[in-house]
Structure formats: C-alpha cells, structure tokens
Amino acid sequence: MTDVLEVITPGLLTTVQDRGRHGYQAFGMPVAGAMDEYALRIANILVGNPAGAAALEITLLGPQLKVLSPTKLALTGADLGAEINGQEFPRWQTVAVKSGDEITFTAAKSGCRAYLAVAGGINVPEVMGSRSTYLRGKIGGLDGRALQAGDYLPAGSPTKNVPTGTELPPALQPAYPNQITLRVILGPQDDHFTTAGRDIFLNSEYTVTTEADRMGYRLEGPKIEHAAGADIISDGIPLGAVQVPGHGLPIIMLADRQTTGGYPKIATVCSVDIMCMGQAKPGDKIRFETISRHESIQLLKEQEAALTKWAQSLPKASGRIWHFRIGIGGQTFTAQVEEVQ
61 MTDVLEVITP GLLTTVQDRG RHGYQAFGMP VAGAMDEYAL RIANILVGNP
111 AGAAALEITL LGPQLKVLSP TKLALTGADL GAEINGQEFP RWQTVAVKSG
161 DEITFTAAKS GCRAYLAVAG GINVPEVMGS RSTYLRGKIG GLDGRALQAG
211 DYLPAGSPTK NVPTGTELPP ALQPAYPNQI TLRVILGPQD DHFTTAGRDI
261 FLNSEYTVTT EADRMGYRLE GPKIEHAAGA DIISDGIPLG AVQVPGHGLP
311 IIMLADRQTT GGYPKIATVC SVDIMCMGQA KPGDKIRFET ISRHESIQLL
361 KEQEAALTKW AQSLPKASGR IWHFRIGIGG QTFTAQVEEV Q
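Using my numbering, read the sequence shown as starting at 61 and increasing by one per residue.
Don't take every hint at face value.
Stated by the list, open to error - The following label-pair restraints were derived from C-beta to C-beta distances:
1) S352 - S294: 20 to 30 Å
2) Q124 - T62: 42 to 52 Å
3) G306 - Q372: 45 to 55 Å
Hints in this document: simulated from the structure, not taken from any laboratory.
C-beta atoms are modelled at their ideal positions from N, C-alpha and C, and glycine is treated no differently.
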C-alpha cells in the first residue's frame with residue numbers, strides 16, 4: 061500500500077466512495093456509495109480496477125491534489141475544469157501521471173460530480189464491507205469525513221495494466237444537460253394520490269432547490285395532491301424513490317437516504333436514470349415520464365450489455381512497466397514507460 065495523492069486543498073465536498081454498503085439496511089444503515097455509479101464504474105475500468113473499487117467523488121468545486129508516485133488515473137462524470145500541471149485533464153480516458161504532478165479544478169462546466177479513480181483503488185479501511193463515506197454516520201472513507209488539507213490517500217496494488225490513452229467511446233459518454241427528463245415507474249404508493257395529483261406530477265416541470273445533497277433532492281414546482289393524507293406506515297425506501305410529504309412537493313431519495321420513511325412514494329426513478337440525478341445541480345429543471353417495469357429492465361440490460369462489450373474489448377498492456385528515477389542538479393525526477401501489445 062503506497063500513498064499516491066496528497067490533498068493540498070479539499071474542494072467543496074470530496075469523499076471516498078465505492079458502490080455502497082449493501083446488506084445492512086435492515087439494521088438502519090444507509091447504503092451510501094457513489095451518486096453516479098455509472099461514472100464511478102467507468103473510471104475504475106479505465107485504470108484496471110474492479111468496477112466497484114473506491115475512488116474520489118468530487119462535488120462542484122474540486123480539490124488540489126499532488127501526485128506522490130507514478131500511477132494511472134481516470135477522471136469521469138462532471139466536467140469541473142480539471143487540469144494536470146495547468147493543462148487539460150482529459151475525461152473518460154486512462155492518463156499516466158508522475159510524482160510531483162498537480163491536479164486542479166477550475167470551475168464546473170457541466171454536471172455536478174466527477175469521479176477520480178487511481179490504479180489499485182483508494183485503499184482506506186472497509187467498514188461493513190465498503191469503503192464508502194457515510195457523512196451523517198461518520199463512518200467509512202477517511203475517518204468518516206470529507207477530505208481535508210494534509211490528507212494522504214493510499215492505493216492498493218493494481219490488478220490490470222490498461223494502456224495509457226484508452227478511452228470510453230463517445231457514444232457511451234453521457235451528457236449532463238440542465239433540463240432532465242427522468243423515467244419513472246409509478247408506485248409503490250401512487251394510489252395515495254388523486255388522479256389530478258398524478259397528472260400534475262407527470263405533466264409539470266420542477267426545479268432542483270438548494271436543499272439537494274447526497275441524501276435526497278427537494279424539488280420546487282406544482283403541488284401534488286394526496287388522496288387522503290400524507291402519512292403511511294413506515295416502509296423501506298428504494299434508491300430513486302420519489303416521496304411526497306404533506307406540503308405536496310416531491311423529494312427524490314438518493315445514495316445516503318434513510319432506510320425507511322412514512323411518506324407515500326408516488327414513483328421510483330428507473331436505474332439507468334439515477335446517474336442523471338447524481339449530476340443535477342440546484343436550478344436544474346426536472347420532468348417525469350412514466351414507463352413500465354419491463355421497459356426499465358430492458359433499458360438496464362441494454363446499458364449493461366454496451367458497457368460489458370466495451371470493457372471486454374479493451375486493449376491489454378503486456379504488464380511490463382519500467383520505472384526510471386533520474387537525478388539532475390540535486391533534483392530527482394521519476395517516470396514510467398509501458399509496453400503495449
């Protein structure tokens with residue numbers, strides 16, 4: 061285990077996340093994990109990690125990081141104006157870096173959250189089978205908190221050597237517009253709303269408010285009418301559930317959501333569109349479009365088939381990497397050269 065990154069400044073909210081802490085919701089423990097799992101998985105694949113390895117989730121205003129040892133990185137998700145030594149840090153591809161390189165972020169251009177994966181994965185201790193940071197519970201990641209200046213991030217041993225310059229095909233790179241249509245499956249409690257209420261939900265535009273975080277996004281817009289009160293016996297809250305409390309405005313429940321809740325859920329966002337909410341920002345516009353369970357499953361199958369086909373087509377490096385350390389004028393420089401088949 062080697063320290064690969066030093067945190068010079070932490071950014072607005074930078075945390076360690078993987079695919080979440082599954083299997084503990086019955087005990088009241090939220091799943092946590094990446095808000096945009098698709099981007100996390102791509103970043104990991106591009107550096108030869110298992111798709112669920114821990115990486116950095118970077119929100120809106122990114123950190124300043126110093127590279128401590130030669131490695132490979134991949135940056136996916138939102139365009140936050142990332143640079144390496146003042147030059148553009150290309151997203152959605154494998155990038156080699158050397159000791160002393162500095163990674164900075166200038167400004168958010170599209171989307172909300174970027175994911176930075178390092179070869180070998182961010183190697184912090186697991187808690188309940190996951191390295192994900194759950195901020196409210198203060199567990200996982202680095203001491204259960206966001207990154208701070210002076211932190212050092214260790215990486216595990218790389219399992220695969222993906223050639224530098226390997227890129228996700230443009231057709232698989234998502235866009236992050238500020239007007240989003242979310243496909244939903246109605247229910248499980250859509251019968252707790254009037255016909256007029258359901259029509260308003262499906263035919264209105266909503267705005268993401270400033271009350272939007274990893275737990276959930278509150279929306280502003282036309283109120284949704286309940287049939288007879290806004291309370292139900294508390295039950296489980298799935299990822300993407302759209303709760304409607306008594307005030308009639310929807311809340312989309314996300315990665316750090318509580319495990320149960322007592323408000324009716326008019327709909328649930330389909331799996332392939334969850335990443336759209338993970339990239340939404342305050343002020344973005346949201347509309348809802350209903351689809352069937354079968355259609356939702358088919359969309360997920362198509363996404364996974366395309367991702368699997370791409371991952372299996374990746375070129376393989378020979379595994380032979382030469383590391384050089386050269387002293388010039390009292391300074392030491394490091395570099396690496398790899399052989400690609």
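Structure-based check of all given hints:
Against the hinted window of 20 to 30 Å, the Cβ-Cβ separation of S352 and S294 comes to about 27 Å, which satisfies the hint. Separation of Q124 from T62 is about 20 Å and departs from the stated range, judged on CB atoms against 42 to 52 Å. As the Cβ distance of G306 to Q372 is approximately 50 Å, the hint placing it in 45 to 55 Å holds.
Checked against the numbered hints above, the structure breaks only hint 2 and satisfies the rest.
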